Every structure is written in structure tokens, then in C-alpha cells.
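**Q** For the protein sequence lines, the chains are A and B, in the order given. Mapped onto this note's numbering, the consecutive letters of the first sequence carry residue numbers 1 to 304. Mapped onto this note's numbering, the consecutive letters of the second sequence carry residue numbers 305 to 671.
None of the hints are false.
A partial selection of chain A residues facing chain B, derived with a Cβ cut-off under 8 Å: (1) 192; (2) 193; (3) 195; (4) 196; (5) 198; (6) 200; (7) 201; (8) 202; (9) 203; (10) 211; (11) 214; (12) 215.
30 Å max Cα-Cα, derived BS3-like pairs, lysine-lysine: (13) A:204 <-> B:409; (14) A:102 <-> B:319; (15) B:513 <-> B:370; (16) A:204 <-> B:433; (17) B:427 <-> A:210; (18) B:406 <-> A:217; (19) A:204 <-> B:406; (20) B:370 <-> A:204; (21) A:102 <-> B:320; (22) B:513 <-> B:630; (23) B:433 <-> A:210; (24) B:566 <-> B:601; (25) A:100 <-> B:319; (26) A:217 <-> B:433; (27) B:623 <-> B:652; (28) A:100 <-> B:326.
Covered stretches of chain B, as calculated for chain A (at least 3 residues, CB under 8 Å): (29) 377-386; (30) 402-411.
For the record, the hints were derived by calculation from the structure and aren't laboratory data. Predicted, not measured: the structure shown is a model, and the values here were computed from it. We put the CB at the ideal spot given by N, CA and C, even for glycine.
These are the residues of each chain, in order.
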Amino acid sequence: MRITKPQLSLSRDNRKKMVPYLLIAPVIIYYTIFWLFPVLNAIVESFRDVDGIWTLGNYIYIFKDPVFYTALFDTAFLVIFSVTIEFVLAFGLALLINTKFKGSSIFLFLAMIPMALPAVAVGAMWSSGLATRGWLNSFLMHAGIIDDASKILFLAGGEMSRLWLIIIIDAWTVIPFVMIILLAGLQGIGADVREAGYIFGGTKFQVLRKITIPMLKPTITTAMILRIISAIQIWLIIVMLFGFNRLPTLLEQIVLNYDELGAASFERIGLALSVIVAIIVSATAILYLKVSGSFEKKKEQEVE
Amino acid sequence: MATLELVDLAKRFSKKVWGVRKMDLDVNEKEFIVLLGPSGCGKTTTMRMVAGLEEVTRGTIHLDGKDITDIPPRDRGISMVFQNYAIWPHMTVFDNIAFSLKLKKMPKAEIRQRVQETADMVKIGELLKRLPGQLSGGQQQRVALARALAVKPKLFLMDEPLSNLDAKLRVVMRTELKAIHQQTEATSIFVTHDQSEAMSMADRIVIMKDGEIIQIGTPDDVYFRSANMFVAGFIGTPPTNFFNIRCSVDGEEISLKHSNFKLVLPLKDFSELDAYNGKELVVGVRPEDIAVDSSDKALFTNKVLVVEPQGSHQVVALKLNDAIVKTIVSADQSVKPGDSIGFNFNLKRLHFFNMETENRIKTASEI
Ligand SMILES: Nc1ncnc2c1ncn2[C@@H]1O[C@H](COP(=O)(O)OP(=O)(O)OP(=O)(O)O)[C@@H](O)[C@H]1O
Ligand SMILES: [Mg+2]
Numbered sequence: 001m002r003i004t005k006p007q008l009s010l011s012r013d014n015r016k017k018m019v020p021y022l023l024i025a026p027v028i029i030y031y032t033i034f035w036l037f038p039v040l041n042a043i044v045e046s047f048r049d050v051d052g053i054w055t056l057g058n059y060i061y062i063f064k065d066p067v068f069y070t071a072l073f074d075t076a077f078l079v080i081f082s083v084t085i086e087f088v089l090a091f092g093l094a095l096l097i098n099t100k101f102k103g104s105s106i107f108l109f110l111a112m113i114p115m116a117l118p119a120v121a122v123g124a125m126w127s128s129g130l131a132t133r134g135w136l137n138s139f140l141m142h143a144g145i146i147d148d149a150s151k152i153l154f155l156a157g158g159e160m161s162r163l164w165l166i167i168i169i170d171a172w173t174v175i176p177f178v179m180i181i182l183l184a185g186l187q188g189i190g191a192d193v194r195e196a197g198y199i200f201g202g203t204k205f206q207v208l209r210k211i212t213i214p215m216l217k218p219t220i221t222t223a224m225i226l227r228i229i230s231a232i233q234i235w236l237i238i239v240m241l242f243g244f245n246r247l248p249t250l251l252e253q254i255v256l257n258y259d260e261l262g263a264a265s266f267e268r269i270g271l272a273l274s275v276i277v278a279i280i281v282s283a284t285a286i287l288y289l290k291v292s293g294s295f296e297k298k299k300e301q302e303v304e
Numbered sequence: 305m306a307t308l309e310l311v312d313l314a315k316r317f318s319k320k321v322w323g324v325r326k327m328d329l330d331v332n333e334k335e336f337i338v339l340l341g342p343s344g345c346g347k348t349t350t351m352r353m354v355a356g357l358e359e360v361t362r363g364t365i366h367l368d369g370k371d372i373t374d375i376p377p378r379d380r381g382i383s384m385v386f387q388n389y390a391i392w393p394h395m396t397v398f399d400n401i402a403f404s405l406k407l408k409k410m411p412k413a414e415i416r417q418r419v420q421e422t423a424d425m426v427k428i429g430e431l432l433k434r435l436p437g438q439l440s441g442g443q444q445q446r447v448a449l450a451r452a453l454a455v456k457p458k459l460f461l462m463d464e465p466l467s468n469l470d471a472k473l474r475v476v477m478r479t480e481l482k483a484i485h486q487q488t489e490a491t492s493i494f495v496t497h498d499q500s501e502a503m504s505m506a507d508r509i510v511i512m513k514d515g516e517i518i519q520i521g522t523p524d525d526v527y528f529r530s531a532n533m534f535v536a537g538f539i540g541t542p543p544t545n546f547f548n549i550r551c552s553v554d555g556e557e558i559s560l561k562h563s564n565f566k567l568v569l570p571l572k573d574f575s576e577l578d579a580y581n582g583k584e585l586v587v588g589v590r591p592e593d594i595a596v597d598s599s600d601k602a603l604f605t606n607k608v609l610v611v612e613p614q615g616s617h618q619v620v621a622l623k624l625n626d627a628i629v630k631t632i633v634s635a636d637q638s639v640k641p642g643d644s645i646g647f648n649f650n651l652k653r654l655h656f657f658n659m660e661t662e663n664r665i666k667t668a669s670e671i
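The task is simple: from the sequences and hints, build the whole structure.
**A** Next comes the structure, spelled out in C-alpha cells:
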């Protein structure tokens, strides 16, 4: 029997069109199994109680709980201040390193060290450093800045000082990361557009504002979104320094409810909280993209 | 309109690397100067020092008599066209051209007028609302030009502004640039390593090599009175042919012996060669000064190696001993590889060079 080719296979054209789908199929399958199912499951389960009955109880509990609002405030505070501070400092450092001064590559290497440490190590390092008998106090004592009686109680301050401590530590860990992203962006811009700026009458600051930053905007947006998302999710360092429920944040509350409290009913509170956080994260990211995008439109109108 | 003086200007990048070793140059008002030289000779470095983008290692730069060596680029009154344009991709054409005017706080209406004027001058008046990404390479080039012209600079620097354009557009832009220069009368320095560009545009050409000036002169100067063998070999396509000859003075005549020919010249026209009696020197002959001569007066006869038709003329290459000699022959002569043909030199256009120093030996016969 003879089988002709067209009967056996799809046309050449159709086969070509299928290639991309075939290539991404494994990824889609992977995401469906390991990501989509668990997420959908979590969403569904957050609307049921321990007996499997449909309810809004988990959400009502959360919205009635004052700790949730504290966590919301603390998280927002952390996000706003840590991201702003990190961004400003990281951008300054990136600009500095980009001038390629003598020893800039060594400086770059040193600056990257915090990035290489896992979060747990960072937590351990700072909690041992900030303890009353920690290395920070003993350093200050040896340096003669304080004496035995005036040891600083870093971890015993009120909520604000605790927040600022976390912001400082987070900045220390994250600045190198932001700096590297911005530096890569800066190096992609090329010196000549900036030099043209200087020749056509710009001061250093004007060139930075009118040329460097606008051209760096895609990189800045990427870095900011990544940072905002991960700042919303800060918890491990807080727990390691202060323990649970001392400085509530959204993710810390999820971990507390889901993992620590033990009871099945709290597990579901944790799931409901996760859904809320996921919505907050997406909303923030979209809002940021919208805001940074709309600036562009305004500018174009100005020209008309 | 301004004068520029470079005095003993030098730039050293590191212990071993010199960008510019020594530059002394006076540029006159309204002059169009072309810096010409092989890659790496320091043309860009010179421009960057004049613009203030590169600190000088030694020497001074005076613009209109004022020392600008240490003042920042924005206060120099200089504008520049970069080789790869360096126009700002996030700004419209209008904003690119208006950038410097806005920083100068010029009134809005005046900015609008100036931008339109300059854009029209370089024929991009219709494109003001576009972003650079929506323009062709040639149009981007014009934006860079307009941006530089809008400032009405004292001094106009152009670093290989045409090198990214295709050959045809390059010739068009060349003419336009020259017309713009005549209109604006801005003192200009133009960098290129395309010598036909240099010859056609320059009031004076500055020929550089290894960070130093080799010759400054009009296009005629550098072509007909090349200061040394480097210039003679660098300027002209195909370049000057060089022949090693032995010189001997015999009464009223001077004879120049080459292994393939012997030139006999009247001593009164070439008395400067008297000093080389019995010594060797180099004679340079440009391709167009070697003519086909089928009579028995031919200086030498040789086989043709290659013929390269160029349309208006043809380049004929010969192999004389081990050296390739190129001549330009009119298009209507039929020449084929392998033909044995007689040639003669145009004796009014001989260039003599000292064999050791490679410098030109001036003769009274020079035009
Ligand atoms: N930033 C720099 N650091 C170190 N050396 C440099 C630097 N810029 C240029 N040089 C060196 O200085 C010399 C002159 O360079 P320059 O760019 O002025 O040459 P150019 O004449 O413009 O060449 P081209 O025709 O290729 O553009 C070269 O040897 C180059 O390697
Ligand atoms: Mg150059």
C-alpha cells in the first residue's frame, strides 16, 4: 500500500506554526501543576471553613482583626521608605561606579557582598549584632563612643524605631541588587548622549534629569517593581530579630497563621490573607506601571 | 565666527598611550578646516579636547583669544556633531533641536521659530514631531546637524558626521554641508578619513599621523606639494608611486637612474637636486602623471598586470621589478592585461623626497 505524503502529515505551514506552542508546552504544563493548581486551591479553600462549608468568615475575621490593620500600615511604611531610600542610594552608587573611577571595580565587588548572603544569615548576623551584648554595642564600647552603662537597646525600641531598624537592614541587603540593575542600564546608555547634553548647555544635574533618567526609565521601572513586590513580602528578618507579632507585617501574619499557630482554622485565615496580599501586590504593580506610563503621555502632549 | 588657536596641545591617556602628542594650529575666522589622517591618529581626541569633553594633558586652547582650556563644555560656545549622532531617543526631533535653547531660557516663540528655521535648513522641517526611532539614518544625521546649528555656535565641530551614510547620500550631504557653511559662516572643524571628502570641503586640510600634525595646507598644497612621503602616499587614489633613483649631475643636465628607466632633466629647473649628486633619492609620481606613450620616446615599456575600469577612466597596474605602479588611463584607450605598453612621466609634476628623512625636496619646477 502506498501512503501519499499529504495524508500522512500536516502541511509545512501548519507545522511551522505549531513549533512555538510545542516549545512552550512543558512550561505551561509545569506551571499548571506546580503553580496554577495550588493557587486556585488556596483561593477556593480560603472561602471554606474547616468543615468544607462555603463561607466569608475567614475574610470577615481578618477585616475585624486590628492586627491586620497594623500589619497593613507597617508593610506600607516599610515599602514606601525602604524602596525610596534604597532607590536613591543605589542610583547614587550606580552613577558613581559608572564614572569608572580608580578602584571602582573593587568597590563594586565589596558592595555586592550583602547580596550573596542568604536572608537567614542576614537575620542571624544582625540579631547577634543588635543584641544588648551584641557585636555592635561591643564595637561602640571598644571605640570609646559609649560605656558599659549606656549600651544601646537596639531591639527594645517602640514600633517606629523597630520599623526603621528593619528599613536600614533591608536597605543594606538590597541596595547592591538595585545598584547592579541600574548600573547595567546606565552602561547600556553610552557616554555620547550625556556628552552631547554637556555640549548643548547642560549642567551635570540637568543632564541627569533630562537625559540619563528618562533614558534609564525602563530599567528603573523594572527595578522598582521587583523591589516593591519583594518589600511587600518582607517577614523573615523581622521574625528573626523580634519574633512573631512584635512588628506585624502582611507576610509575617500569613506565616504566623498558616505555619505557627497550628490550628486548622488559622490555616484558612492564612490562605485568605495570602489572597489579599496577592491582590495588593498586583494592584500596586499595576498602579506603578500606570503612573510611570502616564507621565510619558503628558510629555508627548507638551510638544504638540 | 571665531578664531581658534591650539598651542602645544597634547593628551596622554596612560604611560604608553598618547591620544595627541603635539598640536599647534591656528584656525581663521569662517574657515572650514578638515582633520584628516589614518585611524587612531588622534582626530577624535583633538575634537574632544576642543569641545571640553577630554581634559588636556598639556597646552592651551584659545577661542576668540579667550583661554577656554579649563572651562566646562557648556560655556565654550561650541557645538558638535557626533559620529554616531548621539541624538536623544526619548525626545522628539523638536525637543532635540530645542534642548540647548530651552536651557538658555530663550522665549518660547523664539525657540519655535529658531527650531523651524534650522530644521528647514537641513530639510527636516516636516519631521519635528517624530521620535528619532522613527527616522532613517540620514534623517537622524540631519537632526544631529540641526541641533548643532540651532545654537548658532562660535565654532562648529563635526566628527566624521557622514561616515554612517551610504556613498551616494554622503556626496549629497557633503555639498549641503558646504552650502550651510557658506550661509552660516561658522568656523568649522570637520574630521574625516575620507580624503575625497577632505579635498572637496576643506579650506585647509590638517594631515595628522600618530598624534602629530604632518602638514597643514590647502587641498592643492597637500596634493601637489605634499610635505613628505606619508602625505604623498596618503592623499590621492590611487596613491603616489614612489621610485628609488640615483642622482648624478652631468654638466647642464641631471640624470636620475632607476633600474627600469633613466630620466634626464635640465639642471636649471632642478638645481636643488645638485646637493644629491651621487646619492639616492625618491621620486614620487602621481598615477595621472604617468601617461601612455606609444612613440619611441617612451621612458619605459612594461607589461600590464591588471586593468580596473572606473567608468570615466581606468586604473592600469604594472609590475615594475617588485613594486606595483598604478597609472590612470583615459577610458577610450583599450588596454588589456599582458599588453606591453610604453609610458612617460609628466616632468612638471615630479615630487622629490629625501630618502632618509622622507621629507620633500622643493624644486623650482613646482607649480
Ligand atoms: N579613552 C581612551 N583611553 C585610552 N586611549 C584612548 C582613549 N581614546 C583614544 N585613545 C587612543 O588614542 C589614540 C587616538 O585616538 P582617536 O580616537 O583620537 O583616533 P582617531 O584619529 O579619531 O581615529 P578614528 O579615525 O579611528 O576615529 C588611539 O591610539 C586610541 O587608542
Ligand atoms: Mg575618531
